[in-house]
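*Asks:* All chains, please: the whole structure from these sequences, using the hints.
Chains F and B, in that order, give the protein sequences.
Number 59 in my numbering belongs to position 58 of the first sequence; there are no gaps in the numbering.
Number 1364 in my numbering belongs to position 60 of the second sequence; there are no gaps in the numbering.
Since the hints were made in silico from the structure, they are not lab data.
We put the beta carbon where it would ideally sit given N, CA and C, even for glycine.
Take the hints with a grain of salt, since some may be wrong.
To be verified - Which residues of chain B face chain F? A few of them, derived with a C-beta cut under 10 Å, are:
id, residue
1, THR1315
2, THR1344
3, CYS1346
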Amino acid sequence: MSKLLQLHDFGAPGAKSFEALRAGAAQSGCSTTGGNGKSGCGSAAGQGDLPPEIWEKVKNHPCYSEQAHHHFARMHVAVAPACNIQCNYCNRKYDCANESRPGVVSEKLTPEQAARKVIAVASTIPQMTVLGIAGPGDALANPAKTFKTFELVTATAPDIKLCLSTNGLMLPDYVEQIAAMNVDHVTITINMIDPEIGAQIYPWIFYNHRRFTGVEASKILSERQLLGLEMLTARGILVKVNSVMIPGINDRHLIEVNKAVKSRGAFLHNIMPLISEPEHGTVFGLEGRRGPSAQELKALQDDCEGEMNMMRHCRQCRADAVGLLGEDRSAEFTTDKVMEMEVEYDLAARQAYQAKVEAERDAIALAKQRELATLADETATIKIQVAIATKGGGVINEHFGHAHEFQIYEVSTAGAKFIGHRRVDLYCEGGYASETGIEPILKALNDCTAVLVAKIGLCPKDSLAGAGIEAVEDYAFEYIEQSVIAYFKDYLARVGKSEIRHVARGDADIRQGAFVAS
Amino acid sequence: MAYKIVTSQCTVCGACEFECPNAAISMKRGTYVIDAVKCTECEGHFDKPQCVAVCPVDNTCVPA
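*Replies:* Here it is, written out as structure tokens:
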């Protein structure tokens, strides 16, 4: 097993500010630069699969590159509260259900406050490479605030990539401005291309000074979304399409949506599970519409996979989220705190830090390649899912009891592929096992054969074993993908020697809601 | 002949502020208010009062 590269193994200028950056980063970074041809999870595509200019755009964007999400962070600033459409999965009495957990009021910022916050975060978290505006309403229903924020940030921090998320209704009107501001990435939420289906999702839209309802509303919305998508791709702007999977309404229809957006040049498709708990007060929540199970979601994502990249690492984060996708550091950067912080933007130090992260990503890729090569002679048709406890950095470095989420990999002789994550409540709170016990975690991991952790206690280990899930500490602090493949090899060997019997696993629960620090 | 905003309903999203053709809507002490002197209920401008049409929460912009 290869030794983890430490950041100080690389000679680079500005050692002093490095230490400061490392302390602020709290997590070392590293990841994979793929390369074994097209991996199943398109967003895991490495440099080898993409033209260099596209790779340059996605390699450090945690949402556009699955590998990058282990290492690079993004932040959202909540400058765009207004919205011009109503979605049945969103309750405007609170924050947007899709981008921001309902019931939690985010701090709304002025563009000036937002710009200051961006610089403060970028100076504290050197892996922060992307600024997104995702509401809590719609970025383009608040064009003045959105573009003013971008303008202020670009003036001080030209290296930060700009990104925005929109429902697409006003998109065609702002494509020129988006291109002029060098916004590299745009996300459009497209849940349907059939207005009849749209009428079940959108009760109304506000367009051209009028409120439209029913099929007519969805027809306008859909036309505007697809036109906006075409205009963006024609200008070389990368577009991610978000779709909410609503069982019984658009679950099968999303395959059509996938084809439509693929043919118009969308780069990445992110199918997300519906969030519909009754207490959120959304129409879907109140009528008891359920979200999809883990395997239903995976089956749809698999059906849409082909030439199209599928995103599977989305955490449905809040409109004010800060940090790596699997963590939430927004509480460290409230307006009060940001205004008090002494901020100095050190571009050179940020770039040097990111170069070190790149080097570690390469090391991880190499380790994975080597491990994969050892599987070359295996012919087994077995496919298993393995859960990982990680704090980021592409390493198995989290204690089972401290894990807020588990990352799920599917592994076969073709290699390891990231397929999703499962949010859980902490099993271990202040040193004691939680009162709700291990049951919810067993349900969340029910489709997994094993869970790889840095450390686990005897009691949860026994409970997992009882549910047929093997808890493994042998790969503590090793690279994730390399370890998953190594575990799989060992699993096959044990099946071969009849030490264990391979059994198919069942379905699993998806915990609802966006990722927030609890 | 004017509309008002029900404070307890309003989420302060600001969607109405930019749609009002009379610039009658402004932020006062953390909430949006409609200046009754400036409000024309959009008569002569649009079919419907714009604040009502764009407001994402029902029964928030109502006749005063």
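*Asks:* Hint by hint, say whether it matches the structure.
*Replies:* Status of the hints after comparison with the structure:
no.	hint	verdict
1	THR1315	holds, 6 Å
2	THR1344	violated, 14 Å
3	CYS1346	holds, 9 Å
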